[in-house]
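> What follows is each chain in one-letter form.
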Amino acid sequence: MNQFSLFSSGIELANLVVSSGLLKLSWDKISELYTELNQSEEIRWKVYQQPQSNCIIVAFVVSPNCTKQLLEEEELVPSSSLPFFHFLRTEINSSFSISKAAVTLFDSILDQLSSFKDRLGNSISMIVTGHCLGGSVASLFTLWLLESINRPGTKRPLCITFGAPLIGDKGLQQAISQNLMWNSDFLHVAASQDLVPRLFISPYNPNAMEIDSQTGIYKPFGIFLLCSEYGCSSLEDPEAVSEVLVAMDLEIARNKPPNEQWHMIDYGAVVKRLMSTVRFKGISQLSEMIECPLQAGIVLQLQAIGLNRRQQSGASNLLIAKLEKCEKALVLKRKMVFNPFKKLNKRKEDMAKLEWYKKVSKSEDKGYYDSYKNRGLKKDMHVVTFKKSLTNYWKEMVAEVERMPQKEEASFRTRWLYAGTNYRRMVEPLDIADYYKENGEDYKANGRSQHYIKLEKWLEEAGKPLSSQVITRKHNVSASLTEDSCFWAHVEEALIQCELLRNGQEEESTRKKLIRFEEYVMEQIKEYAVSPEIFLGGSSFMQWWKDYEQIVGTSYKSQLTDFMKSLLYQQYH
Amino acid sequence: MASERLGEVISMKEEVIKKACSIAMKAHKLPEKQLYLVEKNRGSSDVIFSFPGSWTISDWFSRSPFGEKMIDPHPPQFASLRSIGNDQVATVNEAFLTRFQAILPQLQNEVVKAVAERKQIVFTGHSSAGPIAVLMTVWFLENWENFIKSDPSTSRMPPICVTFGSPLVGDFIINHALRRESWSHYFIHFVMRYDIVPRVLLAPLSSLEPELKTILDFLNPKCTIHIQEPTREASALYVTVMSNASSVASHAACHLMGNTNKLSDTLLSFIELSPYRPFGTYVFCTGDRELVVMKNPDAVLQILFYSSQLSSEVEGPEIALRSVKDHFNYQSELQNLETKGVAHFDNLEGLPLSSNVGAAGLGLVLNNLGLSTRARLCLCAAGELEKQKRRNQDKINKKKTDIEKGLLALEGYKTRCEAGRVSYYDALKLSKDTDDFNANVRRLELAGIFDEIMEMLKRYELPDEFEGHREWINIGTRYRRIVEPLDIANYYRHLKNEDTGPYMKRGRPKRYRYTQRWLEYALKISAGSSGESCFWARIEDLCLRTINMGLFEDVKEEILSLEKQVEKWVQNRELGDDIFFEDSTFVKWWKKLPQQHRSGSCISKFINN
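One line per chain: the protein sequences are A and B, in this order.
Under the numbering used here, read the first sequence as residues 743 to 1315, first letter to last.
Under the numbering used here, read the second sequence as residues 5 to 613, first letter to last.
If you are wondering where the hints come from, they were derived from the structure by calculation, not from laboratory data.
Just to be clear, a hint being listed does not mean it is correct.
Stated by the list, open to error - Capping the alpha-carbon separation at 27 Å, the derived lysine-lysine pairs in DSSO-like fashion look like this:
no., chain 1, residue 1, chain 2, residue 2
1, A, Lys897, A, Lys1121
2, A, Lys1088, B, Lys592
3, A, Lys1085, B, Lys402
4, B, Lys399, B, Lys433
5, A, Lys1084, B, Lys560
6, B, Lys409, A, Lys1121
7, B, Lys514, B, Lys592
8, B, Lys509, A, Lys1085
9, A, Lys1084, B, Lys403
10, A, Lys1199, B, Lys22
11, B, Lys404, A, Lys1077
12, B, Lys433, A, Lys897
13, A, Lys897, A, Lys1199
14, A, Lys1084, B, Lys572
15, B, Lys433, A, Lys1101
16, B, Lys592, A, Lys1085
17, B, Lys299, B, Lys22
18, B, Lys500, A, Lys1130
19, A, Lys1129, B, Lys393
20, A, Lys1088, B, Lys433
21, A, Lys1075, A, Lys1100
22, B, Lys409, A, Lys1077
23, B, Lys393, A, Lys1067
24, A, Lys1077, B, Lys399
25, B, Lys299, A, Lys1088
A quick note: this is a predicted structure, and the numbers were derived from the prediction, not measured.
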């Protein structure tokens, strides 16, 4: 027996949306806006302030004539020419395309939207809504808002479209679905008798197919609220949405005369009917014996959206099986969502072990950087394993934050940014050691992992903490880690430069580099930003100093040489 | 199924239920000034207290949208109605609470008298008197120990609370708290399948004000003017309540089914959902020959919505009117209580999902209660969640051995340090030896286990009873006392106070805040009084603030009160006397205090001068 049963909550979520009254609220504004649309106008939009609340509704409509024309247009615009949406690109998902029709409409009112967007406050709850192509523009506008939505304290907008066509390709789908938060900002209402939402995915539309495959170019994203005369249900998984849209198309095609003229669907009537169904049991009955709650839930969903009325047919069984698979995958995906807290304590253990390693190395007058670099002992080998698990953890953490900026959760952020900085200062030197051990050059430009760069950038953005005062740092310097986690890379570079000089190469520029290094080190020392461990006898830094002292000779004088020669460094702690 | 009688299932005599019902109805007719009714029969062992309902809308909703109010924790009239670790107090309907507070002073002595006579106490109420009976019962339970303490010969029989067609009383914390205290089963609520009143608080005041006013006038037994059947208002009220109940039920169902979709949360910034939730045991009357007993509050909430759904449009007006009239049908419904079949669902996950007409047994009962397949899926999910919580508890119980091992190791560490006349706090803060390092790793291992528990508590993923388990309170206390000093040592060792702020303000983990509240709640002592495990954090903080001793006067009061606490803690062995070792951070700091202060200090006897 299964350890626990799964459920499909599509009907419940759809019911919540319907009974919340937000669909009616949105559609009322759309139909009001339609009456204001001028003959000559292609697109019209308006902001409605809700009485006695901090909520606004932004509605978009497109003239029926223009709609008819634009729906013929299936061309896509690549993301490279969509500068506003560049933020959607990630390392994994570097490009996507958006429907040209939607982009053209969006561009035509861009100036107005831009000035409206600039005036938006943080604390406003906003519904962005639109019908048909107006819905496409609503989606684009909401997408545009997503970039700034992750700032702390900003409320999330909710985009509700009615009968909107699909607007993007697989790339866009992935860009949005990889962020569960983003995906649930979009709610697309699609009635079964409305051809538009499945126009670009319909097997009957030859233009929608890619030449070399049987699948459409256009892909859905966001949550779909599908409705029929029997009820409604919502679908979250984009794969499941595609399956069901196609199945709906087949079902309708079977029951309708071909070449039926396209006409606009009145979603006002659809919403009204849905709201009244709330108090009825409707067809949410199941006559067959199904024991699995997940399967039973899916059968109910398909009934609600007008599919699977002829039960037990092969096609519908196949669809049920596919949806079941999608739901299971979704549950798995939710479970797999990286939970940084889960392993935080384990990683703290690793950090404690590293700290111990650092301590032991110090007592051997070497510093953990050099112990690790020249590793030969068993304890050095141990470090390799927990360094690895730490690095994996933080790489994943950074990637997760990249996908889903958690800036709004301020307390969460402070907790891990502190730990992340500690990690970076403790572990990056070990990466540097590995890098130079294998004769790498210019670590900062060629060898540094992205996640360190990001962690450092975020620390800068977070502002300076109390400890940035020199006096407190002086007080604590012996207990602290070197602040610049790339310090040892600078040392290694300086060692290489000394080597070059000894071999008589690139005299002038190399000397300049070394002088810059001197200045850099002196700066760090004055700020109490480096750990006194760099002055331990066996450290690479002291090795450099020996080399350098020889090269520059006794007559050379600088702040750092004074500091070193006068043994002032021995009092640096 | 049919062989069991209701009295057996809920362990309460049918006669008492019937008598309570008739007295609850009788109370409505009391003259204006009389706030309650006591029914004692000679020879009978029970005393029944009942209350008249109120039929003005302001006695139901004190304000928009839902008239709820957080229970005032000072003074703690309902000290137990809270979630302990999360430090969240319950929310109750303000109008009902106000009415309860008006009645209590008059009733109090009568109750104490009945207890002294070793009577079985029954609180009952119909309609808006139901919540009064509920609050009286909670008040009784809160004071029960005191009754027994002041007169050991008093009855130890638990009270019973029976309500008929009662509106909801408070938020989910009520259920959470009553279950934790094992009081939940003292509350029995009878609900007719269509009765609108138990659902009415699921809708906001603004959506139903005029209709509810008319309906309450119509229902008022004391109303002398003849009012026509309010068909129109009943329909409007029914539609409003159902659509709001539907939102609440669906939102809850999404959670039960494990949907983590953010959409349902996003919607909450646009709409307001009622905070009220059921608790206790519900007995649903199908209006036919069956009663359905349900204890899972999540399932009850779903049934409240689904059992009122219509089969067809035609039914509409009739059911709407019935939803009003049924509110006064409890007495006739319970007339043949003994002959009714009782269905109770201990295993919600295994419900028959198909709603075939020909069903028998449980299937038939569910059909008669009007529960569609969709409704049954919600009940299954409620059962599954309950089971999941139990599984989580099992998982945690299995960690007890690991915890024990960790605690023993750290206790050993403490003893070894003490043998060297060093406090383990200072030893870890210096971290010179492998032993210190190992202790730190142990600390982190234990933190992993306890953080997981706290995270589950925060999300209410453990059974409600968890924070009432003595054993866990003891483990938590032992853990807090031995390990928290190490957390503090580590905090100040890494100077986290400089980035984050003082430990007590910014750095103290949930695993200590929660476990401290467990103990303070269990011992009924004031919040913060068991702060001995934070001793070192307070010292570190004082050290920093008294670097310049010129400021001594500023912190004098604080130091004096801390010293008093320390004396008590050490005498009670809640704090180890290793803090007094010669070179401890504490003694070094204390010795820098002005001589005058030290010589008069209550702890100078502990310190070697």
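> If a hint holds in the structure, say so; if it does not, say that too.
Structure-based check of each hint:
1. Lys897/A <-> Lys1121/A: With Cα atoms ~50 Å apart, Lys897/A and Lys1121/A exceed 27 Å; violated.
2. Lys1088/A <-> Lys592/B: Violated, because 35 Å separates the two Cα atoms, which is more than 27 Å.
3. Lys1085/A <-> Lys402/B: Holds: Lys1085/A and Lys402/B sit about 19 Å apart, inside 27 Å.
4. Lys399/B <-> Lys433/B: violated (33 Å)
5. Lys1084/A <-> Lys560/B: Outside the cut-off at roughly 43 Å; violated.
6. Lys409/B <-> Lys1121/A: holds (26 Å)
7. Lys514/B <-> Lys592/B: Roughly 30 Å separates the two Cα atoms, so the pair is violated.
8. Lys509/B <-> Lys1085/A: holds (25 Å)
9. Lys1084/A <-> Lys403/B: holds (16 Å)
10. Lys1199/A <-> Lys22/B: Not satisfied, since the Cα-Cα distance of roughly 72 Å exceeds 27 Å.
11. Lys404/B <-> Lys1077/A: Holds, at about 26 Å.
12. Lys433/B <-> Lys897/A: Outside the cut-off at roughly 43 Å; violated.
13. Lys897/A <-> Lys1199/A: Holds, because 25 Å separates the two Cα atoms, which is no more than 27 Å.
14. Lys1084/A <-> Lys572/B: violated (38 Å)
15. Lys433/B <-> Lys1101/A: holds (14 Å)
16. Lys592/B <-> Lys1085/A: Between Lys592/B and Lys1085/A the Cα gap is close to 38 Å, so the pair fails against 27 Å, i.e. violated.
17. Lys299/B <-> Lys22/B: Holds, at about 21 Å.
18. Lys500/B <-> Lys1130/A: holds (25 Å)
19. Lys1129/A <-> Lys393/B: Violated, at about 36 Å.
20. Lys1088/A <-> Lys433/B: holds (21 Å)
21. Lys1075/A <-> Lys1100/A: violated (39 Å)
22. Lys409/B <-> Lys1077/A: Distance of about 30 Å is beyond 27 Å: violated.
23. Lys393/B <-> Lys1067/A: holds (26 Å)
24. Lys1077/A <-> Lys399/B: holds (18 Å)
25. Lys299/B <-> Lys1088/A: violated (40 Å)
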